[in-house]
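Participant: Sequence:
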Amino acid sequence: MNKHQCNIRKLKIILPCFITLSFVAPLHASVYKCEKEGEVEFSQFPCGDNAKLITVKEQNPAVPSNIVTHGDMNTSEVDTYIRTKQIDADIQQHQDKIDTFSEKMNAEIAGLRDQSDAQLNNLSGAKKETAIANQMASVSERYNVLIEREQRDIDRLLKEKLALQSMTNSSEIDEQSTQSKDIDSFIRGQEIKRDIEQRQSKIDTYQAQMDKQIATLEAQASEQPKNLTDATFDNSLSRKMTAITSKYATLIDVEQRQIDRLLQELATLQ
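Counting from 1 along the sequence shown, just add 821 to a position and that's the residue number in the working numbering.
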């Protein structure tokens, strides 16, 4: 027996025990089970005269039920579980990077905007304004590239995770475990819906902030430039608008991409 096989054998013995012990004091959730036109439904609130209150123990959604409840895991199940956990950790790292890049982009552009506001209202100040506006656009484009790279990595990992999940054998699920999975799916579905609402709210906020900042810049533009200073200043305003639009487009795209992923997950639960 080689070293890898020995380690897998040990893990097959230890892992189910470890996971079970890790959840000896789980959280509880209450849902209502109803039957409408012969179909079973679950709800957070009483959904009919025949509503039945069910209190369930919430396990870690990242831990598959068959791994928690069964000790006869084969090598493939162990490998799949370990890889799935690693994928989840990698996705979180990429998401953390996206959050960090977004914060840095906001901070750098805000700093440049403060410099721009301090410029004198003359030709020299207008030229400096244009240079700063170009810097703002450059910052926005640079972070957009960095964030997009992390987004592609997340999409790649999610695709791999979905493939692993589709390979999971579910042929031995009994009636009780089926109901448990339905309840787990309902609870996860409610979490997804709340997350989507929060992210949509952030998108609405970003859109409102962008519209306000663009309107402020448009109000500063000259209706008809009278001299070179006015023309140069208007050009800097145009570059600022481009930078601000690019920044908010990146921030909105981050939230929209996550909403799309959540909607895909929600579709698999229904």
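Think of the hints as simulated: they come from the structure by calculation, not from any bench. One or more hints might be untrue.
Stated by the list, open to error - Okay, derived cross-link-like pairs now, DSBU-like style, lysine-lysine, Cα gap no bigger than 30 Å in a straight line:
| # | residue 1 | residue 2 |
| --- | --- | --- |
| 1 | K1014 | K1033 |
| 2 | K948 | K1002 |
| 3 | K925 | K906 |
| 4 | K1002 | K925 |
| 5 | K1014 | K918 |
| 6 | K906 | K1033 |
Stated by the list, open to error - Label pairs and their calculated CB-CB ranges:
| # | residue 1 | residue 2 | range |
| --- | --- | --- | --- |
| 7 | Q914 | K1002 | 36 to 42 Å |
| 8 | P867 | I1035 | 44 to 50 Å |
| 9 | A910 | E1018 | 37 to 43 Å |
| 10 | A939 | Q1077 | 31 to 37 Å |
A virtual CB, placed ideally from N, CA and C, is assigned to each residue, including glycine.
Participant: Please write out, lowest number first, the hints stated earlier that are contradicted by the structure.
Facilitator: When the structure is compared with the hints, numbers 2, 4, 6, 7 and 9 turn out to be violated.
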